[in-house]
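Peer 1: Now for the letters of each chain:
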Amino acid sequence: MFFYINMTLSVVSTGLILLTKNYLHAMLYFLLSVIFMAMGIYSIGSPFASMVLIIVYAGAIITLFMFMIMILGLKNSMQNNKPYIPMLMAVILICEFFWFTRNNTAINTEFYNIDYKEIARLLFSKYAVLTEICSVLLVVALVGGFHLGAKHKR
Amino acid sequence: MTNLEHILSFSFALFSLGLVGVLVKKNLLMVLLCLEIMLNSAAFLIISVSSLLKKADGHVMFFFLLVVAAAEVAIGLSILFRYHELHQSLDIDKANNSKV
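Protein chains in written order, with the working numbering: chain A, 1 to 154; chain B, 1 to 100.
Note that these hints are calculated values from the structure, not bench results.
Don't be surprised by glycine CBs; every beta carbon is placed ideally from N, CA and C.
A portion of the hints provided could be inaccurate.
Claimed, not checked - Label pairs and their computed distance ranges (CB to CB):
no., chain 1, residue 1, chain 2, residue 2, range
1, B, Leu-8, A, Val-143, 35 to 41 Å
2, A, Asn-76, B, Leu-53, 42 to 48 Å
3, A, Leu-88, B, Leu-8, 26 to 32 Å
4, A, Asn-80, B, Lys-54, 46 to 52 Å
5, B, Leu-53, A, Thr-20, 33 to 39 Å
6, A, Gln-79, B, His-87, 20 to 26 Å
7, A, Glu-118, B, Val-68, 19 to 25 Å
8, B, Val-68, A, Met-87, 33 to 39 Å
9, B, Ser-9, A, Phe-111, 20 to 26 Å
10, A, Ile-71, B, Lys-54, 40 to 46 Å
11, B, His-87, A, Asn-76, 16 to 22 Å
12, A, Lys-75, B, Leu-23, 21 to 27 Å
13, B, Ile-79, A, Thr-101, 42 to 48 Å
Unchecked claim - Using 20 Å as the maximum straight-line C-alpha spacing, the simulated DMTMM-like pairs for lysine to aspartate or glutamate come out as follows:
no., chain 1, residue 1, chain 2, residue 2
14, A, Lys-117, B, Asp-57
15, B, Lys-26, B, Asp-93
16, A, Lys-21, B, Asp-91
17, A, Lys-151, B, Glu-85
18, B, Lys-25, B, Asp-91
19, B, Lys-54, A, Asp-115
20, B, Lys-26, B, Asp-91
21, A, Lys-75, B, Asp-93
22, B, Lys-55, A, Glu-118
23, B, Lys-54, A, Glu-118
24, B, Lys-54, B, Glu-5
25, B, Lys-55, A, Asp-115
26, A, Lys-21, B, Asp-93
27, B, Lys-26, B, Glu-85
28, A, Lys-75, B, Asp-91
29, A, Lys-126, B, Asp-57
30, A, Lys-75, B, Glu-85
31, A, Lys-126, A, Asp-115
32, A, Lys-153, B, Glu-85
33, B, Lys-55, B, Glu-5
34, B, Lys-25, B, Asp-93
Extracted from the complex, chain A is given alone in its bound form (with noise of 0.2 Å):
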């Protein structure tokens, strides 16, 4: 049942950022559907990837975004909707969170399907290269990062 709710609520989110002209509002509605992504996620059986979703994503990348936005210091469109939609999605999170601590719903391991500790043996084991690469790629992408934003002298 929460799976539906909040995968319902996560797309209802995307689709509010294509219907905004405010792109700070847009990164918050992205932000949101992150949110509810990771709690569908989290109500299928799989806590260990909703954290590291909300992380990785809530806390990383679009904090990058917002960095780009704080630096470059773009001039938005002042277009201020009401935000009745995104109040009752906060409420509908509110509710939910109080739910889950009050039954004591989210200490009951039964439900989880993926042990983190099989993660952590194959990543090791059996993809032992890829996550070689996938250390290379960042280092790749860091050095990347520093050269396009490095100012050189002509």
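Take the given structure of chain A and dock chain B to it, following the hints.
Peer 2: Relative to the frame of chain A, chain B by itself:
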């Protein structure tokens, strides 16, 4: 428990919304954001199906997808920074001519 059709329909809805956003939006920052939506929908599909089949291989692929998304965002935003320096705006119609 949810079945495969519902998971697929949600993932498809998210992916198509991101695709429409990439094609429609005029701001380059919005185009990058809708690209991230598409990656997010693929990640959701991978995680949900692997949770349905009770195997952890899909979660490992999710990790690699996350690494690719993060690296792509870093490089894409650096390119956006250069674009802004060159054209003084983030309108993608400014890049119409190949002459700089």
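Peer 1: Can you give the numbers of the hints that this structure goes against, from lowest to highest?
Peer 2: none
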